[in-house]
Amino acid sequence: MAKSRHVTIDAEELAGRSYPYQHDISLVEDIDLVAATPGPDLNWLEDVHLLTEDGVPAVFDRYSNSFLKIHFPIPEGREDEVARKVLIAHLQAGNSYGIQLKRKHAKFPQRALGPWTADSEVVGSHWEPPALSGWEPAGGH
Amino acid sequence: MAQVVGERRIRYDARGLVEPDAEAPKTSKIEDGRAVFDATGYSTRRVNLEIRWLLVDQGVRDITVLNPGAKHSIGVAILERCRLRFEGSLGYFGLGLIDGPEAEVAGRVGWSVAENMMAGVVVIDKNAGSLAGAALRGGDLVVRGDVGARTGIDQKGGTIIVGGNAGLMTGFMMQRGRQIICGNVGPGLGDSMYDGAIYVAGKVESLGVDCVEAELTDTDEEMLKGKLTAYGIEHPGSFRKFECGRKLWNYDSLEPNERKLVL
Chain E
1 MAKSRHVTID AEELAGRSYP YQHDISLVED IDLVAATPGP DLNWLEDVHL
51 LTEDGVPAVF DRYSNSFLKI HFPIPEGRED EVARKVLIAH LQAGNSYGIQ
101 LKRKHAKFPQ RALGPWTADS EVVGSHWEPP ALSGWEPAGG H
Chain Z
1 MAQVVGERRI RYDARGLVEP DAEAPKTSKI EDGRAVFDAT GYSTRRVNLE
51 IRWLLVDQGV RDITVLNPGA KHSIGVAILE RCRLRFEGSL GYFGLGLIDG
101 PEAEVAGRVG WSVAENMMAG VVVIDKNAGS LAGAALRGGD LVVRGDVGAR
151 TGIDQKGGTI IVGGNAGLMT GFMMQRGRQI ICGNVGPGLG DSMYDGAIYV
201 AGKVESLGVD CVEAELTDTD EEMLKGKLTA YGIEHPGSFR KFECGRKLWN
251 YDSLEPNERK LVL
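Respectively, the protein sequence lines represent chains E and Z.
Going by this note's numbering, the first sequence opens with residue 1, and the numbers climb by one from there.
Going by this note's numbering, the second sequence opens with residue 1, and the numbers climb by one from there.
So here's chain E without its partners, still in its complex pose:
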């Protein structure tokens, strides 16, 4: 008999905490989604929708491959809009785990908050390849 398997891909588990904008809709109401995205419309956010994770409303953060749960009641008819605003708040605040990884692993100079905010810090300027202590490349390579 096959065992059931549950794989958790939860932003709260990655960060060890949740964030205020996951609990309070007033913290995301003022976000301008068109201004936060390139082009004349919602651009990449057109493909972002409200989903559920562990029975809780959640939005998927593709930059950390994890779900960001939304713990406040979502007004009917605004599901996708609220999900997109929570995600943008998460990215603009620099709380996505993928952004944290950039500081260590980015290989080229780039802004930490990428396309979500202007003029964030530059990371990746001094990337060094990881070295395995005591390892030497084989001859001929």
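No lab work stands behind these hints, which were simulated from the structure alone.
Note that the structure is a prediction, hence the values are computed from the model and not measured.
No residue lacks a Cβ here, since even glycine has one placed at the ideal position from N, Cα and C.
Worth double-checking, as some hints may not be accurate.
As the list claims (entries may be wrong) - Derived DSBU-like pairs (lysine-lysine); straight-line CA-CA distance at most 35 Å:
(1) E:K69 <-> Z:K247
(2) E:K107 <-> Z:K126
(3) E:K104 <-> E:K69
Stated by the list, open to error - Beyond 10 Å from chain Z on every Cβ pair, some chain E residues (computed):
(4) S18
(5) I25
(6) E29
(7) I31
(8) D32
(9) W44
(10) V56
(11) R78
(12) Q100
To be verified - Pairwise CB distance ranges (calculated):
(13) Z:E87 <-> E:D54: 49 to 55 Å
(14) Z:D220 <-> E:D32: 36 to 42 Å
(15) Z:G245 <-> E:V56: 28 to 34 Å
(16) Z:G245 <-> E:F72: 35 to 41 Å
(17) E:G134 <-> Z:R15: 18 to 24 Å
(18) Z:E205 <-> E:F72: 49 to 55 Å
(19) E:D32 <-> Z:E234: 26 to 32 Å
(20) Z:R11 <-> E:Y97: 33 to 39 Å
(21) E:A131 <-> Z:E205: 52 to 58 Å
(22) Z:R11 <-> E:D54: 49 to 55 Å
Start from chain E and add chain Z according to the hints.
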């Protein structure tokens, strides 16, 4: 760290960078936050380094590249909001792996333009080769002319708009997103697509495996008008909608998260 390999003795480093010691030419003319760079005579690597230098070090958000010379892999891996204009054609893999730019190419492009774009807008004024928007994840790719085969292969999001005709196997293995083809399409439309929608205004030579015609809804019409108006493309009058027939859907029961994301 740099290695020298191959018949042509290409130098590359651990990141896979060719010309690892290359430096940005720093010859752009910068004025009022805008930059103009003449790429004549510079290698792909140095053109890309110049763009990165302007964006990251100089804080320029509006860049015009003159004489790109149809070089390959120009304007790749740009991960911030900016405006880019190329006065000329690009070769293959132009503007790939980007996240945020709004780019315009005043010419043609080779295959795989805007492949893996995460977000942004790429507008091609003339024709594009095959595999335009391959593995597109988000954003809008607009080709005002014709495109080759397998447009949007493995597309996972975003919108591809083609003002002219599209070749064979358009939307091959498409998983999400939208394609708007204002002209005709070749054989095998939507072959093995898993999800997403393809809108065609012209003739469809034949449908691919598990691609079926669907009803065009008011929401679809609204989206089509919005996208075509936004990019100044004349509405051809009427569209037909094509989507997955769902006969090839076979999801492993042990992968509920993957299934949820694909859908």
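Verification of the supplied hints:
no., hint, in the structure
1, E:K69 <-> Z:K247, "holds, 33 Å"
2, E:K107 <-> Z:K126, "holds, 34 Å"
3, E:K104 <-> E:K69, "holds, 26 Å"
4, S18, "holds, 20 Å"
5, I25, "holds, 24 Å"
6, E29, "holds, 23 Å"
7, I31, "holds, 16 Å"
8, D32, "holds, 14 Å"
9, W44, "violated, 3 Å"
10, V56, "holds, 13 Å"
11, R78, "holds, 17 Å"
12, Q100, "holds, 16 Å"
13, Z:E87 <-> E:D54: 49 to 55 Å, "holds, 52 Å"
14, Z:D220 <-> E:D32: 36 to 42 Å, "violated, 26 Å"
15, Z:G245 <-> E:V56: 28 to 34 Å, "holds, 33 Å"
16, Z:G245 <-> E:F72: 35 to 41 Å, "holds, 39 Å"
17, E:G134 <-> Z:R15: 18 to 24 Å, "holds, 23 Å"
18, Z:E205 <-> E:F72: 49 to 55 Å, "holds, 51 Å"
19, E:D32 <-> Z:E234: 26 to 32 Å, "holds, 30 Å"
20, Z:R11 <-> E:Y97: 33 to 39 Å, "holds, 35 Å"
21, E:A131 <-> Z:E205: 52 to 58 Å, "holds, 55 Å"
22, Z:R11 <-> E:D54: 49 to 55 Å, "holds, 50 Å"
In this structure, the hints that do not hold are numbers 9, 14, in rising order.
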